[in-house]
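Build out the structure end to end from the sequences listed, making use of the hints.
Taking my numbering, the leading residue of the sequence shown gets 120, the next gets one more, and so forth.
Incorrect hints may appear among the rest.
Claimed, not checked - Here are the in silico distance ranges between beta carbons for each label pair:
hint, residue 1, residue 2, range
1, Thr146, Glu182, 14 to 24 Å
2, Ala163, Thr205, 34 to 44 Å
3, Glu209, Pro166, 30 to 40 Å
4, Glu182, Ser145, 19 to 29 Å
What the hints assert, rightly or not - Derived DSS-like pairs (lysine-lysine); straight-line CA-CA distance at most 30 Å:
hint, residue 1, residue 2
5, Lys161, Lys139
6, Lys175, Lys210
7, Lys139, Lys175
8, Lys175, Lys161
9, Lys153, Lys210
10, Lys139, Lys153
11, Lys210, Lys139
12, Lys153, Lys175
Just so you know, the hints here were simulated from the structure itself, not pulled from any lab data. Built from N, CA and C at the ideal position, the CB exists for glycine as well.
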Amino acid sequence: MPASAIVTVFGQSTCPNFRKVCQLLSTYRMDSTKFQVFEFDKQADWPVEMVLELMKIRHGANESPIVFVSGQFVGGLEEARRYDRTHGFEKI
120 MPASAIVTVF GQSTCPNFRK VCQLLSTYRM DSTKFQVFEF DKQADWPVEM
170 VLELMKIRHG ANESPIVFVS GQFVGGLEEA RRYDRTHGFE KI
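Right, here's the structure in full:
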């Protein structure tokens, strides 16, 4: 997990829920020190299957997107929306 990012999102660029999470976060105009996105299908040097398996084992995440805030697992799209309603991404 990149130490510089407060919000980190992992997912497939073609996944509709991944795009919705990215769209939600982009409304807050976070700079690159606060928000990082990793698209599995665009990370040629990543062992994608291994990363997905680790996410599933460690966090129970088995679908895109996978969202972290301050290094803590949040979940997918619905959990990110809930986090936004209760904590507010605008405060980051």
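Structure-based check of all given hints:
Hint check: Thr146 to Glu182, Cβ distance near 23 Å, so the stated range 14 to 24 Å holds. A hinted range of 34 to 44 Å for the beta carbons of Ala163 and Thr205 is consistent with their spacing of about 37 Å. About 35 Å separates the C-beta atoms of Glu209 and Pro166, a value consistent with the hinted range of 30 to 40 Å. For Glu182 paired with Ser145, a C-beta distance near 21 Å keeps the hint of 19 to 29 Å intact.
About 18 Å separates the Cα atoms of Lys161 and Lys139, which keeps this hinted pair within 30 Å; it holds. Restraint check for Lys175 and Lys210: the C-alpha separation of about 29 Å stays at or below 30 Å, so the hint holds. Proximity of Lys139 to Lys175 is assessed by CA-CA distance (about 21 Å); at most 30 Å being required, the pair is judged to hold. Between Lys175 and Lys161 the CA atoms are separated by roughly 20 Å; this keeps the pair inside 30 Å, and the hint holds.
Taken as a hint, the Lys153 and Lys210 pair is honoured in the structure, with Cα atoms around 11 Å apart against an allowance of 30 Å. About 18 Å separates the Cα atoms of Lys139 and Lys153, which keeps this hinted pair within 30 Å; it holds. Distance restraint check for Lys210 and Lys139: the Cα-Cα separation of roughly 19 Å lies within the 30 Å cut-off, and the hinted pair is therefore satisfied. Our distance criterion of 30 Å between C-alpha atoms is met by Lys153 and Lys175, whose separation comes to about 24 Å.
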